[in-house]
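A.B. asks: Sequence:
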Amino acid sequence: MKVLVTGAAGFIGMHCTKRLLARGDSVVGVDNLSPYYSVQLKRDRLAQLEHPAFAFHELDIADAGSLQQVFEKHKPQAVLNLAAQAGVRYSLENPAAYVQTNLVGFANLLECCRRFPPGHLVYASSSSVYGANTELPWSESQNVDHPVSLYAATKKANELLAHTYSHLHGLNTTGLRFFTVYGPWGRPDMSAMLFANAMLQGKPIQVFNHGDMQRDFTYIDDIVEGTIRVLDKPAPYAVYNIGNHQPVALLDYIAALERALGKEAKLQMQPMQPGDVKATYADTTALQKAVGFAPSTPLATGLARFAEWFKSYPHAS
Numbered sequence: 001m002k003v004l005v006t007g008a009a010g011f012i013g014m015h016c017t018k019r020l021l022a023r024g025d026s027v028v029g030v031d032n033l034s035p036y037y038s039v040q041l042k043r044d045r046l047a048q049l050e051h052p053a054f055a056f057h058e059l060d061i062a063d064a065g066s067l068q069q070v071f072e073k074h075k076p077q078a079v080l081n082l083a084a085q086a087g088v089r090y091s092l093e094n095p096a097a098y099v100q101t102n103l104v105g106f107a108n109l110l111e112c113c114r115r116f117p118p119g120h121l122v123y124a125s126s127s128s129v130y131g132a133n134t135e136l137p138w139s140e141s142q143n144v145d146h147p148v149s150l151y152a153a154t155k156k157a158n159e160l161l162a163h164t165y166s167h168l169h170g171l172n173t174t175g176l177r178f179f180t181v182y183g184p185w186g187r188p189d190m191s192a193m194l195f196a197n198a199m200l201q202g203k204p205i206q207v208f209n210h211g212d213m214q215r216d217f218t219y220i221d222d223i224v225e226g227t228i229r230v231l232d233k234p235a236p237y238a239v240y241n242i243g244n245h246q247p248v249a250l251l252d253y254i255a256a257l258e259r260a261l262g263k264e265a266k267l268q269m270q271p272m273q274p275g276d277v278k279a280t281y282a283d284t285t286a287l288q289k290a291v292g293f294a295p296s297t298p299l300a301t302g303l304a305r306f307a308e309w310f311k312s313y314p315h316a317s
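Using this note's numbering, the letters of the sequence shown map in sequence onto residues 1 to 317.
These aren't lab readings, by the way, just hints derived from the structure by calculation. All values derive from a computational prediction rather than experimental measurement. One thing to keep in mind: the hints can contain errors.
What the hints assert, rightly or not - Derived BS3-like pairs (lysine-lysine); straight-line CA-CA distance at most 30 Å:
id, residue 1, residue 2
1, Lys289, Lys233
2, Lys203, Lys266
3, Lys278, Lys289
4, Lys2, Lys289
5, Lys73, Lys2
6, Lys2, Lys18
7, Lys2, Lys311
8, Lys75, Lys2
9, Lys73, Lys289
10, Lys263, Lys278
11, Lys18, Lys266
12, Lys75, Lys18
13, Lys311, Lys266
14, Lys278, Lys18
15, Lys263, Lys311
Could you build all of it, start to finish, from the sequences and the hints given here?
C.D. replies: Take a look at the structure:
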């Protein structure tokens with residue numbers, strides 16, 4: 001199968017592309033190598049993807065003309081959209097970046113899929129769409145009309161746009177609501193890398209809401225397995241949670257990372273950040289029913305693998 005992966009130099013994008021290539025698919029990768037975080041890290045991820053069946057195009061999905069040229073040239077049989085401006089907190093500082101990539105870019109992608117229909121479009125949504133819902137665990141049947149960050153609002157908008165194109169144009173689309181993904185080659189703005197960097201340098205880590213938070217930490221290999229299984233099973237329109245179904249208290253997570261790194265953390269307690277939520281917890285019943293899989297890697301196992309990579313990667317700091 002020929003698969004177009006947008007955001008191929010990203011954390012999840014690189015891992016998914018690697019898995020697709022390993023099983024014999026050909027992959028067309030697209031990424032704009034945004035400087036939101038280390039471009040060196042993105043280039044190093046791309047270096048992991050050197051393969052005769054991998055073609056890479058450096059472009060922004062917000063550039064409609066360039067994106068259409070890629071579709072015209074390659075005519076992908078499946079599309080995995082992992083290109084996005086990520087991060088809840090950064091959306092408070094630079095909303096325009098979210099509008100361009102997550103709204104304009106996603107609309108461009110849908111238009112290309114309408115003109116050159118793939119068998120399936122799978123795209124990254126986010127657990128952030130649940131906003132401040134207090135009924136846990138979060139399930140796909142719950143109302144998600146009250147996002148508490150612009151990032152979350154753009155992800156909800158993606159789901160609505162995909163529904164419209166599915167309804168009007170018969171496009172098979174599936175949205176995946178990812179829950180706090182971590183692991184080797186992760187994003188520097190996520191807690192695993194942020195905390196590990198600070199801990200190894202003897203600097204304090206910022207602990208929001210004074211540590212009274214829970215996250216459904218989901219290991220990257222589980223995310224890849226679930227994503228690829230969904231990609232292989234086209235649906236007229238679907239949205240699934242993809243999380244570990246096991247929320248962990250933030251202070252317990254920090255303690256597990258201390259054990260994995262063999263380093264003690266200095267904690268700097270902070271109030272809750274705007275746009276943040278106290279707890280996330282995925283109900284994965286629908287995913288399990290659809291593809292026979294749900295994430296389950298224990299946190300200690302995942303953090304040990306992350307720590308091993310982190311210590312060996314020269315550009316981690």
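A.B. asks: Determine which of the earlier numbered hints do not hold for this structure and return their numbers in increasing order.
C.D. replies: Hints 7, 9, 11, 14 not satisfied by this model.
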